[in-house]
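Engineer: These protein sequence lines map, in sequence, to chains W and H.
Position one of the first sequence corresponds to residue 1 (this note's numbering), numbered consecutively onward.
Position one of the second sequence corresponds to residue 251 (this note's numbering), numbered consecutively onward.
Honestly, the hints are just simulated from the structure, not real lab data.
Please read all numbers here as calculations on a predicted model, not as lab measurements.
C-beta atoms are modelled at their ideal positions from N, C-alpha and C, and glycine is treated no differently.
Just to be clear, a hint being listed does not mean it is correct.
[Unchecked claim] The following label-pair restraints were derived from C-beta to C-beta distances: (1) Ala267/H to Leu33/W: 38 to 48 Å; (2) Ser328/H to Lys3/W: 21 to 31 Å; (3) Arg233/W to Thr415/H: 50 to 60 Å; (4) Ala199/W to Glu356/H: 30 to 40 Å; (5) Glu476/H to Ala112/W: 24 to 34 Å; (6) Glu356/H to Thr48/W: 57 to 67 Å.
[What the hints assert, rightly or not] Straight-line C-alpha distance at most 30 Å; calculated DSS-like pairs for lysine-lysine: (7) Lys221/W to Lys456/H; (8) Lys3/W to Lys280/H; (9) Lys452/H to Lys3/W; (10) Lys324/H to Lys221/W; (11) Lys221/W to Lys452/H; (12) Lys508/H to Lys142/W; (13) Lys5/W to Lys508/H.
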Amino acid sequence: MSKPKVAFFDFASCEGCQIEFTNYGDKAFLELLNHVDVVEFREAMSETTTEPIDIALIEGSFTREADRARLEDIRRRAKIVIAYGQCAATGGINALKNHQNDYLPCVYGKDAGMPHLASQKALPIDAAIKVDYKAFGCPMNKYEVLQIISHLVHGKEPVIPDYPVCVECKRRETVCRFAEGDHCMGQVARAGCDAPCPAAGIPCEACRGFVDHPNIPALKKVLVERAGFSKARAESKANMFTANQLELKP
Amino acid sequence: MTALFIKDKEFHDFVAALVGATPVYAPVAKRSLFAFERLVSADALRLDYDVTILPPKKLFFPPAQELLKFTGGKFTASVHPEEKVLFGVHFYDVKAIDQTDQLFAEKNYDVNYMAHRQATTIVASNIQKVSRRAFFGTVGQEVHPKGHDAYLTKIGTGYVFETFTPKGEALTKHGNFEPATDTQRAEVVKVNAAVLEQCPEKLTHKSAEIATKVRQAFKNEELWRECAVDCFSCGTCNTVCPTCYCFDVQDTWNVDQKSGSRTRYWDACLTESFATISAGGGHVENFREERGERFRHRIMRKASYLNPKLGGPACVGCGRCSSQCTADIADPVRIINKIMAL
């Protein structure tokens, strides 16, 4: 793919993943612009396009039915759609709200019925349109995104890990959180981050979501038996970045 | 072979001299556990370690090893071996290194592994503390450790240093050694034999019987499914194993889209996509899709498949998989003894 036309779009998100795209440093960012033609990127330019594009990077989760038409339009125009960042890939942090039904009156009181508060569940964008690749992470890993784009530029299939964080902890010879009486979700969390948190003594929160087929019953069992969690805490532990992926039913 | 003796109080100076003369990699404390790392001072050496998180194989076959750099059609090798001493290796890891030596030498002779391996002098050491899941006393007893250059045994008031190669012999110039007496040499045999009896876990049968019966259990799908119910497919049993040697190779492009590098990474057959292959036309096929199939594959590799090639099992009883599996389902002793009792 020679100098692909690349466009950014955003839905329910903080747009931090788009900002992260400008953080490669001046030299690398300007060099990258020799290889991709950015045609829409509202964080960094005023121009927009209604023309066909090669690679659409879509940030944010799908939270309003009204957004479906816009997503479908992007899909129609784009050769390749990449769910860009965790909100787009799995629903991300936004999906926390999928487990709450009592917050409207509590937070907004008499204004709880305001129309803009009416939203559906926070879903990944592949709930609305076909997605070709996912760039996981909150924020996405900009070096991984660079590799995804590079592979596409060279006509190769991007390689996106679907093994757990444990693999990367072992490659770094990190002392396992469980070996120190702590807990962790690295066994079910999608790798690709190079496991910085456990290496710093912090349990993995699965910010890149789960691997394709996480063993959730085993996770709950290990959290209870080895980390001393209550059953309820073990159940809720995995909700932060993974609400849409969690099969809580035993 | 020569056997020398060095007193406790002079041993520290020997290690310090060694560290001053050449890069030394040895067991050191890492938080609550141990790891082979570059020794910065003789004081950091922990010969009283039980087992390290990763085996010393990582020095010849690093978890992520850049193989080459490329620019356009030009390639430059990235493997630059460092002459070094690997110090304080327990005999089970010596056995494992001997296995990876054989496996990386056959068929496609692996120059990247061998370059690092040949640049290394290995000093083994006796086991002063047995780890809580070790079973080295009963696994592959017919295979003896070889390939190391020297062997250090702690006895009474010092250490006996046996050398087997000129590389091992050369190290003795750094310390104030004296010839070991017959009594000291007898003590070495006693100390190293005694530790074999101290393992907390034991296999109930000999390697040949195990190899046959485990192989016969291949079609017992119920058994493998049950064993793997709590498996995370996280690959830890592979990535901490001293005899696992599978890897994946990936290319990375630099931002200029012309240059880049090729790196190999440890792979793990327990992970879900390990056996996924291209079936052409954008299709893929995973020939070990189920957890039980992947679990079975590891046990077959460790207890049966490689035995004819290696003369014994591809397992040395270090217990790393048993102690580091968070679901505690990876212990070869439990699985093999269960099969032997069927």
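Engineer: Each of the hints needs a verdict: does it hold here or not?
Structural biologist: Hints, one by one, checked against the model:
Under the hint 38 to 48 Å, the C-beta atoms of Ala267/H and Leu33/W, about 56 Å apart, miss the expected range. Distance hint for Ser328/H and Lys3/W: a CB-CB separation of about 30 Å, consistent with the stated range 21 to 31 Å. Between Arg233/W and Thr415/H the C-beta distance comes to about 56 Å, which sits within the given range of 50 to 60 Å. Separated by about 35 Å at the C-beta atoms, Ala199/W and Glu356/H satisfy the suggested range of 30 to 40 Å.
At roughly 51 Å, the beta-carbon separation of Glu476/H and Ala112/W lies outside the given 24 to 34 Å, and the hint is violated. Restraint check, Glu356/H to Thr48/W: a C-beta distance of roughly 60 Å satisfies the suggested window 57 to 67 Å. For the hint linking Lys221/W to Lys456/H, the alpha-carbon distance of about 34 Å lies beyond 30 Å, and the restraint is violated. Between the alpha carbons of Lys3/W and Lys280/H the distance comes to roughly 48 Å, so the proposed pair goes past 30 Å and is violated.
The hinted pair formed by Lys452/H and Lys3/W fails the criterion: a straight-line CA distance of about 62 Å is larger than 30 Å. Taking the CA atoms of Lys324/H and Lys221/W, the gap is near 52 Å; set against the 30 Å cutoff, the hint is violated. The hinted pair formed by Lys221/W and Lys452/H meets the criterion: a straight-line CA distance of about 27 Å does not exceed 30 Å. Distance hint between Lys508/H and Lys142/W is fulfilled; the C-alpha atoms sit about 19 Å from each other, no more than 30 Å.
For the hint linking Lys5/W to Lys508/H, the alpha-carbon distance of about 19 Å falls within 30 Å, and the restraint holds.
Comparing the model with each numbered hint stated earlier shows that hints 1, 5, 7, 8, 9, 10 do not hold.
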